[in-house]
Every structure is written in structure tokens, then in C-alpha cells.
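With these hints in hand, go ahead and build the complete structure from the sequences.
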Amino acid sequence: MNFRIEILPEKKLVVLTQKMSIFENKTFLLWNSFMKRKGEIQNAIGSDLFSIQIYESNYFEGFNPKKEFLKMAGLEVNSLENIPNGMEAYVLKSGKYAVFEYKGNPKSGGEAFQYIFQEWFPNSGFSLDNRPHFEILGTKYKNDSDESEEEIWIPIK
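full-length UniProt numbering puts the first residue of the sequence shown at 1, with every later residue one more than the last.
Please keep in mind that the hints were generated in silico from the structure rather than gathered at the bench. Treat each hint with caution, since some may be false.
Stated by the list, open to error - Pairs of lysine-lysine residues, derived as DSBU-like cross-links and limited to a Cα-Cα distance of at most 35 Å, are as follows:
1) 38 / 140
2) 11 / 96
3) 93 / 66
4) 107 / 93
5) 142 / 93
6) 67 / 12
7) 140 / 66
8) 66 / 103
9) 38 / 26
10) 67 / 103
11) 66 / 36
12) 11 / 26
13) 11 / 142
14) 93 / 103
15) 19 / 66
16) 11 / 38
17) 157 / 38
18) 103 / 12
19) 96 / 26
20) 12 / 96
Since the model is a prediction, treat every value here as computed from it, not as a measurement.
In C-alpha cells, the structure reads:
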């Protein structure tokens, strides 16, 4: 899997949020709700969608599929004014990331994360930073398609 190291500039987003776990995955519900309402978002910059995960600092210590995290579906904006009801403003802070180019069916994405955390990280010289993880779903993203492409952004230090 191809990767690059990148410094993300700060980004302003309008998001919907949902607490979930791997065991009780509510990603479909979150994105279904967001996609029905994304047209309400003013001041959008482009059409790339952000899928953000915020984990507690000890989340990755001992795998527990019932451990909860916060997931966000969002769109970048140039102003955090006029946020639609039920949505939130969120600022994704600047930081260093390992960016992986994932090509394949999003339903098989678990294999990509397994590679990143079990093979790439132990040999990379980097460690995981306690900042948001996210994926950018751009124009080449195709839900339920083997031809889909997205970027996986993992915070590093």
C-alpha cells in the first residue's frame, strides 16, 4: 500500500457525530443521515467527505471491540457560521500524518488497517499520536465497489 508523510493544515468542518464501537457499528446510520443533509451546509470547500474517528488515549491498548469511540461525517468549509441544526462545527488541528492510499472495496478496509497497525507501524520508526484519525472520501470513492479509492490519514509522531 502506497503511503506518504504529510503535515495537515488546520481544517474547518461541519460534521454529524455518533458514538459507536466496532461491535455496535453505526457508520451506515451516521453517513445515511449526513448524506441526506449535506446540501444544507453553507460555505463548503470542494466535495471531499471526511470520516473522522476520535479515540481515547488508551483505545489501542488491548483490543476490545466494545470500546467506544466518536465518529464524525463531515465536509470542509471556509467559515463556521450558519451551522445547520443538529450539526456541529469541528476544527481538525494541524499535525503530522501517515497517509495511505487505499484502493478496493470499502467493506474490505479492515485489511488495510490491519496492515497499517500490525506491519507498517512496527517497522516505520513512528509512533501513533493521540489525535483524530480520518479518511478522505474524494471523487474516486465508490461505496460497495472494488474500484473505490480513498485516503487513510493516521496521526504520527
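The hints, checked one at a time:
{"no.": "1", "hint": "38 / 140", "result": "18 Å, holds"}
{"no.": "2", "hint": "11 / 96", "result": "14 Å, holds"}
{"no.": "3", "hint": "93 / 66", "result": "27 Å, holds"}
{"no.": "4", "hint": "107 / 93", "result": "28 Å, holds"}
{"no.": "5", "hint": "142 / 93", "result": "27 Å, holds"}
{"no.": "6", "hint": "67 / 12", "result": "28 Å, holds"}
{"no.": "7", "hint": "140 / 66", "result": "32 Å, holds"}
{"no.": "8", "hint": "66 / 103", "result": "28 Å, holds"}
{"no.": "9", "hint": "38 / 26", "result": "18 Å, holds"}
{"no.": "10", "hint": "67 / 103", "result": "28 Å, holds"}
{"no.": "11", "hint": "66 / 36", "result": "28 Å, holds"}
{"no.": "12", "hint": "11 / 26", "result": "25 Å, holds"}
{"no.": "13", "hint": "11 / 142", "result": "24 Å, holds"}
{"no.": "14", "hint": "93 / 103", "result": "26 Å, holds"}
{"no.": "15", "hint": "19 / 66", "result": "12 Å, holds"}
{"no.": "16", "hint": "11 / 38", "result": "17 Å, holds"}
{"no.": "17", "hint": "157 / 38", "result": "33 Å, holds"}
{"no.": "18", "hint": "103 / 12", "result": "26 Å, holds"}
{"no.": "19", "hint": "96 / 26", "result": "28 Å, holds"}
{"no.": "20", "hint": "12 / 96", "result": "17 Å, holds"}
Checked against the numbered hints above, the structure breaks none of them.
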